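Engineer: Line by line, the protein sequences give chains U and W. Just remember that my numbering sits 53 ahead of the position in the first sequence, which is counted from 1. Residue 340 in my numbering sits at position 351 of the second sequence, with consecutive numbering throughout.
Hints in this document: simulated from the structure, not taken from any laboratory. Some clues are possibly wrong.
[As the list claims (entries may be wrong)] Example chain U residues on the side facing chain W (calculated, C-beta under 10 Å, incomplete):
(1) P58
(2) H69
(3) D534
[To be verified] Quick list of simulated restraints, FRET-style, between CB atoms:
(4) W:H134 <-> U:H57: 33 to 43 Å
(5) U:H57 <-> W:S279: 20 to 30 Å
(6) U:H57 <-> W:W31: 52 to 62 Å
Quick caveat: nothing in here was measured; it's all calculated off a predicted structure. Think of the CB as a built atom: it goes at the ideal place given N, C-alpha and C, for glycine as much as any other residue.
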Amino acid sequence: MAIHPLLEDRGFTSFHAKQMVEKARWAAEAFSGLDRTEVLRIAKAVAEAGYAQAQRYAQWAVEETGFGVVEHKLIKNQACSRGLYELYKDQDFTGIKLDGERKILEIPRPAGVVFALTPSTNPVATVFYKIMLCLLTRNAIIISPHPMAKACCADAAKLLAKAAEDAGAPDGVIQVIEEPSLPIVETVMKSDRIDVILATGGSPVVRAAYSSGNPAIGVGPGNVPSYVDETADVPAAAKAIADSKSFDNGILCTNESAIIAHGAIIDTLAQELKRNGCHICSEEERDRLEQTLFPNGKFDISLIGKAAELIAQKAGFRVPPRTKVLVAPLARIGDDYPLSREKLCPVIGLYVAATRDAAMIACRAMTRRSGGGHSASIHARDPQIILRYGEVMNVLRISVNVGNSLGASGFETHLAPTMTIGTGYFGRSSVGENVEPRHLVQWVKMAWNKDDRIQMPSFSTADRVEKPKIGAPPRGEIDYDFGNHPDGTVSAPAPAGQTTTQDADIRAEIRRIILEELKELTAR
Amino acid sequence: MSKEKDDFIARSKQFWNPGKTSDWQRMGVDLVIDRREAYYLWDVDGRRLIDVHLNGGTYSLGHRNPEVVEAVREGMAYFDIGNHHFPSIMRTHVAEMLERLTPPGLKRTIFASGGAEAIDIALKSARNATKRRKIICIERCYHGHTGLAVQVGDDRFSKLFLSEASNENVVKVPFNDLERMLEAIAVGDAACVIMETIPATYGFPMPKPGYLKAIKAACEKVGTLYIADEVQTGLMRTGEMWGIETYGVNPDILVTGKGLSGGIYPIAAVVVSEKAGQWLSEDGFGHMSSFGGAELGCLAAAKVLEICSRPETRSQVHYISAYLANGLRQVQANYPDFFTGIRQRGVVMGLEFNHDQGAVYVMKHLYQNGVWAIFSTLDKRVLQFKPGLLIDREMCDEILTRLDTSVALAQAELFGGRARSYMTSSKPSYSRQSAA
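Pulled out of the complex, with its shape left as it was, chain U reads as follows (with noise of 0.2 Å):
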């Protein structure tokens, strides 16, 4: 206790997150002028830094907010660091883009300043993901951890800025929140000091970084439907579901929330379901089921990423041992029907449609008011129905014969791996693809007149235009003078920057113009 209510500790304000913004200002603009060799070298770096505690974190995540499961956890841990890293190494966001046919030019514009909102669910999976991309675009990042879960996350965020600094990424490039806290994320979303919001979270959210005032990309939620039709690899399907809705506990906003089955292969399905670990409810157990997990009608989230077997256990019921998922058969779908809903656990209803129009229209009613731009999944091998499947969703990626928590999320399919899924107009986003890094990087397009006459000048995409460096992270022998030495020893003037030739040239005409002026000024 302070003598005085004036020396009681304020913990972080508001005044010290805008110069947390303030300080990745000045990162940004140090990090826009490395190059391709040093930044792959600092994402390769950070990559492998938090690969190599991705264990570590996993367990830290599954204790610090009792979500989901650890060995999940640590296979997105790693795909979104060395995985991230692999696999954009090779697309350029750092040197120009030509296109000579059509004489355009293109120069890379990072956003700048990344503010990201990480959820609880996928805490620290989020912070490596976001941070990577920022990394292969030379955006600087302040993340901001769900308080949930902000000891992991601020951990692992500092570490991953220790690796990139030692990299040589400038000071600041990462930044973390460590004590989030409504007013700091307020003023921060709220700041025209920041470039972009990068949002994953709950709804409230995702809200209000769109009405910040800043541009902002978002996720909205997801409530998935899986159609399995008459054509369908049942045993394949099953398997599919089984394993996507058991992963990490159903914790992607990415997993089934509804099977909606064909009439055609139901008793199937259900024996396939039951030999892949699926408990089948008795109409009994799916009432208390509900009870449970939507107590007065809200989803207890409490139950967030929790095993099946003590989910059911809450709801007063026994299922057999190594049960991963309980399966609830849905008297019918509609957002007055609690069950119908998402559920970020392993519980998933089972609708039976009779004919492939009743199951359109069932998999249609389970996005109509939540879950909009989000993600459906289909097991059909006839493509007719796949097609009209998605003609007919209104979402903007369907996974085709693979579980949806990994394949939307494309961990499991050619779509960007993400842990941010863009709802696009039906989300309220204006991204409707799953976000990666082009999305956080802006290009300059320069282009010449169409007129065949007229030449575009033969450049390379090796060119470019060097940046003074402004940027280490002041420690060890430091240069106060900043290269203006004492003693009379005053440093030559610094060239102007290395130049392209064509660049180089076209100063030296200008200076030959200048001089001649002068010249002329001087003679009267």
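Here the structure of chain U is known, so what remains is to put chain W in place on it, guided by the hints.
Structural biologist: Same frame as chain U, now just chain W:
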């Protein structure tokens, strides 16, 4: 100039300071500051200026820094200036912070209401601790205008008031002349050496490598105390909390002021070692100051120390310093014959021009182009160039662009010819519009 402003200037001459008011008008700086915010000043005529004078760091954190303002405003619900005799919550709090934030060995804080008073306290403390009278200082240096402070500065300010020091009490040696300094110390009869870490009013000539360290070592041999005047170079402006730290010296006494006030409420402080502050135990009533360490000032100081000691601030200063260092070298390259030197330690900078009044001209053109920076009183070749600790890159660019224009204009005015033939029409235009 508007009629209202004209009248006001006349009244200033009549009631305030005719000499100073007229001098500024003569130098082409008709500034009467009205509104101020962050690193901007507005003249009463509405013209905006970027402040790179900052009154020697008084406004390092910006004018009316909202964080400092809030701290003082909040504190005013409880406190006023306070009673200087009694232990005070805020004074002790700031003293504790200073003990933590100053170089090792410095232990207690004596408060003053301004830098010069603090210098007097430092000198008196040294005399008390050593029982010696003599003070060694630097020729052409500056430590303020009070009784002792003015004596250890350039005669420019003491002669006028017939207040020069006697030769037996004060020995002055040239800056950066280590040999002369060591000779003076070796006599062994000096209470202290007082040094501005980088002499500001003299245009920030940088101490030669090893110079300050050697002085301190020599002082230790003969029991002479080292007083670091950090009024201008302290509080993170050099890239570390105290300029003296960047030279690897642990002083016996450290004086801070200016920026410590946050530009909101005057306060200065002397941080002393156990030995240098022995009078505090011997006779705690030995020095008194009604306003020294006023609790409202302490509120500002505590917040300033908090902000300056944030790692973000240090990082920002390093970024700004590096960015401006590059930018200044590029500007310099455009005027190699006129803009002859850059002196820099963090954001403490002196720009050197090869004309004995060069900085006065550059100051004038900067003023006309929307930047306020002041020449060095004791070396008018050098412009004091002291940007804030928290400026952003856009403002750095603004300053550099305007500097480039202004140096060109000053060069043209001093040496003839046109600044940039393609920038102006028949005559160089110094009109206000150019700054709008």
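Engineer: May I ask which of the numbered hints given earlier this structure violates, with the numbers listed in increasing order?
Structural biologist: 6
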